[in-house]
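> Spelled out, the chains give:
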Amino acid sequence: MRLTTKFTLWYFGIMLVVLLIGGAIVYYEIQWKISRVEVVRHQRLNDIIALQIREGGDYTAHPTRKRAAITLISQDSFPAGAASFYTRGTGWNPEFQSNEYKLVVTSFYTINGSHYRIMTYSFIPSFYQLLPGVVDSFKWILLLLLVLVVISGGLISKYILAPFKRTMRMIQSFDLKQKGSIHLPRTRTSEFRELNEFLTKMTDKAREDYQSLKEFTENASHELQTPTAIIRGKLDLLMESDIRDEQAILIAEMQNALERLSRIHSSLTLLTKLENQEYEAKEPVCISRLMREALNAFGELMEMKSLTVQTEIEDQVYVPLHASLADLLLSNLVSNAIRHNAPNMVAAAGIEPTAGQGMIFVSLNHEGLVIANTGREPQIPTAELFERFKKGNPGSDSIGIGLAIVRQICDLSHFDIIYEFSSGLHIVAISFQPRLSASKLLQNLSLPLQSTLQP
Amino acid sequence: MKVLIIEDNQELARNIHDFLGREGYICETSETLEGAKEKLGFFQYDCILLDIGLPDGNGISLLNLIRAEHKESNVLIISAKNALDDKIIGLEKGADDYITKPFHLAELHARIRAVYRRKNLGGASIVEFNEISLNTDTFEARINDTLLDTTPKEFDLLLYFLVNKNRVLSRQAIAAHLWGDYTDNLANFDFVYQHVKNLRRKISGAGGMDYISTVYGLGYKFNSHKQE
Numbered sequence: 013m014r015l016t017t018k019f020t021l022w023y024f025g026i027m028l029v030v031l032l033i034g035g036a037i038v039y040y041e042i043q044w045k046i047s048r049v050e051v052v053r054h055q056r057l058n059d060i061i062a063l064q065i066r067e068g069g070d071y072t073a074h075p076t077r078k079r080a081a082i083t084l085i086s087q088d089s090f091p092a093g094a095a096s097f098y099t100r101g102t103g104w105n106p107e108f109q110s111n112e113y114k115l116v117v118t119s120f121y122t123i124n125g126s127h128y129r130i131m132t133y134s135f136i137p138s139f140y141q142l143l144p145g146v147v148d149s150f151k152w153i154l155l156l157l158l159v160l161v162v163i164s165g166g167l168i169s170k171y172i173l174a175p176f177k178r179t180m181r182m183i184q185s186f187d188l189k190q191k192g193s194i195h196l197p198r199t200r201t202s203e204f205r206e207l208n209e210f211l212t213k214m215t216d217k218a219r220e221d222y223q224s225l226k227e228f229t230e231n232a233s234h235e236l237q238t239p240t241a242i243i244r245g246k247l248d249l250l251m252e253s254d255i256r257d258e259q260a261i262l263i264a265e266m267q268n269a270l271e272r273l274s275r276i277h278s279s280l281t282l283l284t285k286l287e288n289q290e291y292e293a294k295e296p297v298c299i300s301r302l303m304r305e306a307l308n309a310f311g312e313l314m315e316m317k318s319l320t321v322q323t324e325i326e327d328q329v330y331v332p333l334h335a336s337l338a339d340l341l342l343s344n345l346v347s348n349a350i351r352h353n354a355p356n357m358v359a360a361a362g363i364e365p366t367a368g369q370g371m372i373f374v375s376l377n378h379e380g381l382v383i384a385n386t387g388r389e390p391q392i393p394t395a396e397l398f399e400r401f402k403k404g405n406p407g408s409d410s411i412g413i414g415l416a417i418v419r420q421i422c423d424l425s426h427f428d429i430i431y432e433f434s435s436g437l438h439i440v441a442i443s444f445q446p447r448l449s450a451s452k453l454l455q456n457l458s459l460p461l462q463s464t465l466q467p
Numbered sequence: 030m031k032v033l034i035i036e037d038n039q040e041l042a043r044n045i046h047d048f049l050g051r052e053g054y055i056c057e058t059s060e061t062l063e064g065a066k067e068k069l070g071f072f073q074y075d076c077i078l079l080d081i082g083l084p085d086g087n088g089i090s091l092l093n094l095i096r097a098e099h100k101e102s103n104v105l106i107i108s109a110k111n112a113l114d115d116k117i118i119g120l121e122k123g124a125d126d127y128i129t130k131p132f133h134l135a136e137l138h139a140r141i142r143a144v145y146r147r148k149n150l151g152g153a154s155i156v157e158f159n160e161i162s163l164n165t166d167t168f169e170a171r172i173n174d175t176l177l178d179t180t181p182k183e184f185d186l187l188l189y190f191l192v193n194k195n196r197v198l199s200r201q202a203i204a205a206h207l208w209g210d211y212t213d214n215l216a217n218f219d220f221v222y223q224h225v226k227n228l229r230r231k232i233s234g235a236g237g238m239d240y241i242s243t244v245y246g247l248g249y250k251f252n253s254h255k256q257e
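In order, the protein sequence lines correspond to chains A and H. For the first sequence, our numbering assigns the number 13 to the initial residue and increments by one for each residue that follows. For the second sequence, our numbering assigns the number 30 to the initial residue and increments by one for each residue that follows.
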């Protein structure tokens with residue numbers, strides 16, 4: 013819910029409460045005031061009648077006596093305290109032939125030694141008759157207020173929150189990689205000023221940290237790669253000198269270790285770079301084309317291992333991914349599928365095995381990518397294969413970082429990825445759609461995939 | 030061929046110097062940007078190997094000078110930073126190729142030759158040795174006049190051998206050359222073995238001499254002095 017809407021609703025709620033209480037107050041106030049005025053009028057009337065009695069004379073036809081009752085009372089029933097009181101209640105109005113609200117004011121006088129009780133009455137508007145009027149007027153007031161609050165809320169919040177919105181826009185467009193610090197708009201609101209100061213400080217810190225991390229990565233890469241390059245060069249030169257067989261073996265072993273070292277190093281550097289989000293997808297890349305290229309690049313290897321490849325590649329599938337990353341992702345997956353391929357395992361699923369052949373299945377469409385290959389059952393849970401230096405087969409000479417890179421790329425691009433082993437098939441599924449889970453993708457695809465296994 | 034090696038690491042520079050020296054290249058080294066500028070002011074080079082991270086500045090800045098005054102020179106950037114930016118900027122500024130440390134010296138040599146072929150030999154991109162001739166434009170390999178049915182990788186491999194004749198090529202170097210970055214996951218040198226085996230079989234099949242021999246424990250060698 014937007015801030016303005018929230019404020020408006022709260023104001024409206026408060027207004028409603030205030031108006032309800034106010035309505036009650038107004039209602040009772042009017043009610044009291046009407047009675048009060050009437051009572052005072054009647055007291056005056058009673059006084060006039062008392063005066064007339066004191067003066068003597070015939071006033072029976074006088075207009076003052078129209079609704080007056082004068083009673084001579086005894087000393088005992090004459091009240092000691094108040095000289096006057098009033099009562100209210102419904103009474104029959106003969107003039108209008110209806111029950112109406114009746115106010116009776118009774119006053120007591122002692123005139124020439126006699127005690128008089130003078131009662132006058134009149135019919136006043138009932139409070140129940142007033143209520144609709146009160147409610148009505150408050151309804152209009154409420155409506156008016158609501159309209160005003162909504163309009164002014166919109167306008168005022170637009171004006172007051174403008175600096176906040178500008179700050180938000182700036183923050184949204186903030187990029188860790190940008191050179192200068194962010195310039196937030198100046199504002200006179202102290203809270204926003206504080207917020208801006210805080211944000212500027214925080215983003216500056218983040219930028220600095222990012223920068224130093226990046227520098228460290230690059231420096232580490234530089235400083236380690238150079239000595240590695242020197243050793244490698246020296247070994248290359250040493251190989252060509254006159255050496256004995258056992259020396260050759262030693263050199264070969266050093267070469268192997270060096271190869272591993274440099275591969276681990278460059279993979280870790282790559283992972284760090286991925287984590288630093290240094291590869292931004294500038295424009296969508298056609299992954300169909302890259303997939304075909306990757307399969308082509310590995311074509312000879314597949315042939316050597318006598319692998320059968322089955323593909324269902326949709327044309328023109330574009331995904332938001334840096335081209336180098338897309339390339340890396342696909343080649344890692346395809347080379348994994350080749351490396352860890354072992355034939356004949358499809359038989360476990362109860363399907364006719366293609367005589368002694370390993371297979372690779374590739375299915376690519378706009379929803380996602382599924383790569384499956386025949387292979388041995390992994391020794392560890394498949395989900396753990398995404399971790400660094402975890403290998404399904406501990407004896408293999410891979411360094412176990414390829415899938416970690418694959419997952420990192422997927423995480424960066426918000427692709428869901430899963431790794432499953434079932435029916436003798438290693439299956440990696442990647443969903444390109446943010447709302448589509450990779451396992452769902454697999455469900456949709458597992459059927460055609462299984463059927464391709466049928467001879 | 031005259032080569033200028035601009036590299037601040039003496040050991041690395043010496044490696045390159047020694048390796049290329051054996052090919053009969055005349056190599057000079059410079060450890061600094063200033064020294065390189067001086068040398069470039071006096072001499073012409075066929076090939077310039079340029080390290081990006083130099084003590085007195087970024088090697089990229091030298092590219093402008095090279096491109097302005099040494100149009101004929103080939104420039105190969107050597108960088109430890111496998112940073113994409115460097116690669117793109119370097120190539121945009123007129124470098125001819127880019128190689129990342131740690132590289133195999135044979136690979137560097139192959140790159141130098143490739144760039145040289147591309148630029149200096151015009152359209153005639155034929156690499157020949159005795160009865161073997163490779164056309165790097167059409168990717169056709171011939172033994173005498175018989176066309177060899179090679180796969181792209183086998184062609185690449187043969188070219189690599191021809192450029193690095195009489196050198197021991199380790200399996201790692203061959204794998205790195207054939208598959209580049211992809212070797213990350215393909216440490217399995219069986220593939221190298223397979224490719225070499227197929228290549229030798231094809232050459233012999235077409236009547237060529239089997240120049241390629243196995244070097245015990247290390248890898249392979251193209252032996253140009255081999256006689257029947």
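Simulated from the structure, these hints should not be mistaken for lab results. Hints should not be assumed to be uniformly reliable.
Subject to a maximum C-alpha distance of 25 Å in a straight line, what follows is the list of computed PhoX-like cross-link-like pairs (lysine-lysine) [stated by the list, open to error]:
| hint | chain 1 | residue 1 | chain 2 | residue 2 |
| --- | --- | --- | --- | --- |
| 1 | H | LYS122 | A | LYS191 |
| 2 | H | LYS116 | A | LYS189 |
| 3 | A | LYS191 | H | LYS116 |
| 4 | A | LYS317 | H | LYS182 |
| 5 | A | LYS189 | H | LYS122 |
| 6 | H | LYS194 | A | LYS246 |
| 7 | H | LYS100 | A | LYS246 |
| 8 | A | LYS317 | H | LYS100 |
| 9 | H | LYS122 | A | LYS294 |
| 10 | H | LYS68 | H | LYS100 |
| 11 | A | LYS226 | H | LYS122 |
| 12 | A | LYS294 | A | LYS402 |
> Confirm or reject each hint.
We went through each hint and held it up to the structure:
1. Pair hint H:LYS122 plus A:LYS191 holds up; C-alpha atoms about 22 Å apart against a cutoff of 25 Å.
2. Between the alpha carbons of H:LYS116 and A:LYS189 the distance comes to roughly 18 Å, so the proposed pair stays at or under 25 Å and holds.
3. With a C-alpha separation of about 20 Å, the suggested pairing of A:LYS191 with H:LYS116 holds against the 25 Å cut-off.
4. A distance of roughly 15 Å separates the Cα atoms of A:LYS317 and H:LYS182; the hinted pair therefore holds under the 25 Å criterion.
5. With a C-alpha separation of about 23 Å, the suggested pairing of A:LYS189 with H:LYS122 holds against the 25 Å cut-off.
6. For the hint pairing H:LYS194 with A:LYS246, the CA-to-CA distance comes to about 19 Å; that is within 25 Å, so the pair holds.
7. A distance of roughly 33 Å separates the Cα atoms of H:LYS100 and A:LYS246; the hinted pair therefore is violated under the 25 Å criterion.
8. In summary, the hint linking A:LYS317 to H:LYS100 is not supported, as the alpha carbons are separated by about 47 Å, beyond the 25 Å threshold.
9. For the suggested pair H:LYS122 and A:LYS294, the alpha carbons sit about 22 Å apart, so the restraint of at most 25 Å is met.
10. Simply put, H:LYS68 and H:LYS100 have alpha-carbon atoms about 15 Å apart, close enough for the 25 Å limit, and the pair holds.
11. This hinted pair checks out: A:LYS226 and H:LYS122 have alpha carbons roughly 24 Å apart, not beyond 25 Å.
12. For the given pair, A:LYS294 sits about 32 Å from A:LYS402 by alpha-carbon distance, which is inconsistent with the 25 Å threshold.
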